[in-house]
Amino acid sequence: MPPAMSKVSFTVNREARVLELDIRTTLLDALREHLRLTGTKKGCDHGQCGACTVIVGGRRINSCLTLAVMHEGGSITTIEGLGTPDRLHPMQAAFVKHDGYQCGYCTPGQICSAVAVLGEIEAGTPSHVSDDLTARPELTSAELRERMSGNICRCGAYSNIVDAITEVAGRQP
Amino acid sequence: MKSFTYERATSPAEAASAAARVSGAKFIAGGTNLLDLMKLEIEAPSHLIDVNALALDKIEATPDGGLRIGALVRNTDLAADARVRRDYGLLARALLAGASGQLRNMATTAGNLLQRTRCPYFYDTNQPCNKRRPGSGCTALDGFSRQHAVVGTSNACIAAHPSDMAVAMMALDATVQTLRPDSTVRSIPIADFYRLPGDTPHLETALEPGELITAVTLPKPLGGTHIYHKVRDRASYAFALVSVGAIVQRDGSGRVALGGVAPKPWRVTAAEAEMPRGAKAVAARLFADAKPTRENAFKLRLAERTLAAVLAQARG
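Protein chains in written order, with this note's numbering: chain A, 1 to 173; chain B, 1 to 316.
In short, the hints are calculated from the structure, not lab data. Where hints are given, some of them may not hold.
Unchecked claim - BS3-like, lysine-lysine: derived pairs with alpha carbons at most 30 Å apart:
hint, chain 1, residue 1, chain 2, residue 2
1, B, Lys220, B, Lys58
2, B, Lys291, A, Lys7
3, B, Lys291, B, Lys280
4, B, Lys280, A, Lys7
5, B, Lys26, B, Lys58
6, B, Lys26, A, Lys7
7, A, Lys42, B, Lys2
8, B, Lys2, B, Lys39
9, B, Lys39, B, Lys26
10, A, Lys42, A, Lys7
11, B, Lys2, B, Lys26
12, A, Lys97, A, Lys7
13, B, Lys26, A, Lys42
14, B, Lys280, A, Lys42
Unchecked claim - Stretch-level coverage of chain B by chain A, calculated; a stretch enters the list once three of its residues show a Cβ under 8 Å from a Cβ in chain A:
hint, stretch
15, 86 to 99
16, 293 to 302
Stated by the list, open to error - Okay, the calculated bits of chain B under chain A, using three or more residues with CB under 8 Å as the criterion:
hint, stretch
17, 1 to 11
18, 214 to 225
Quick caveat, the model's predicted, so the values are computed rather than measured. Just so you know, even glycine gets a beta-carbon here, dropped at the ideal spot from N, CA and C.
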């Protein structure tokens, strides 16, 4: 039996895209193999490492654990949509400045996650380390480390990553 | 991943009847557990019914002062809801102790209840596993069992239930609301929702084929101090070795449920009656029938100590 196929239409980095895909295709594989957006990385492919993190409808998710066809009509932002080599997103610039990586493989996922984390703190979403569930979360190193724990860095650039995110958070009004 | 067909359901009734019509069909919502298992071919549905468009994503007050949580409410949104943070702190804390920000953004309330064990032998398709292949045997019994259950187990399975959220739901006396393919609805108290493994560890819940969870309801708030204490091998993003969810009142009475120690969230009424007498008395009742392995016997002491820490924190 040939694999079941399906058409899916969504917006990727503000551009409308239409794909005809084997239904089994994950969002990650659709981005990398079909749209050639290889900035998003495949690490574990099981939702454990965070290298595949993208932002869908304003929220960070693991693109390896969702099917592309589940995002009909959706809006997806990858690392390529955040900034370009000539016009870096402030988070990209801060990662460069603070040496927030060594090999760089986890970096696109770290940066997509970090951008979304600042939005989550801004929205008042509590975390496991928030002392008071009903208070606004504070922008501390402990909060950032907890919220970024779904992004693994084998090179261990964690403290520089926290520095980069802290600087970007400070720049925001 | 095995090939499958796919449809987007537009109503709960349509989803449930489709699930009954197609043999081997499964619902998919967040997909964070199901797709992981499908990649490993531990799950191989013939047909996926995408339920994400069913508009079951609201959190509403109930007439009796409780909350009705739609099946599709994402873990992030449930933990962030102002009413949950204020009145059901145990639930918010349990949710925030689980998984990662990315996963909580996708994972749903119903899906969290139904997540499968992380027993490494369940995941290793080269090994026998009664849960994955009924009747094939249990490798964990004589294997590496440090993470496994110590109570409620059987000779067929010692896998632990992985959910943090379900521990809170158990302590809060939640009710699982469902819709069956014949359009009848059921309200299943969470105490009756999970099955112990016995001889049939592949049967994990009271759900019937095609039955769709539509909501989880909570009774009116209990007050008291809400604590969820999760002990794990690293500070974040790991499953529990032992977790204790408790609601403690000023007189020392209260409720307590444990994660990481049993095939389901573990709550024993006789143990709760011992709460004013302290952790040792509570643990004695919780683990009266425990059958730990050599590798996971430490969980009995760890659970008692975690209980003691929780009761001390509640006293302030």
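So, going through the hints one by one against the coordinates:
1. B:Lys220 to B:Lys58: 17 Å, holds
2. B:Lys291 to A:Lys7: Violated, because 52 Å separates the two Cα atoms, which is more than 30 Å.
3. B:Lys291 to B:Lys280: 18 Å, holds
4. B:Lys280 to A:Lys7: 60 Å, violated
5. B:Lys26 to B:Lys58: Given pair lysine 26 of chain B, lysine 58 of chain B holds - Cα atoms ~23 Å apart, limit 30 Å.
6. B:Lys26 to A:Lys7: Within the cut-off at roughly 21 Å; holds.
7. A:Lys42 to B:Lys2: Holds - the C-alpha atoms of lysine 2 of chain B and lysine 42 of chain A are around 20 Å apart, at most 30 Å.
8. B:Lys2 to B:Lys39: 8 Å, holds
9. B:Lys39 to B:Lys26: 15 Å, holds
10. A:Lys42 to A:Lys7: 23 Å, holds
11. B:Lys2 to B:Lys26: 14 Å, holds
12. A:Lys97 to A:Lys7: 42 Å, violated
13. B:Lys26 to A:Lys42: Given that 30 Å is the threshold and the Cα spacing comes to 26 Å, the pair holds.
14. B:Lys280 to A:Lys42: 47 Å, violated
15. 86 to 99: holds (count 7)
16. 293 to 302: violated (count 0)
17. 1 to 11: holds (count 6)
18. 214 to 225: Check failed, 0 qualifying residues.
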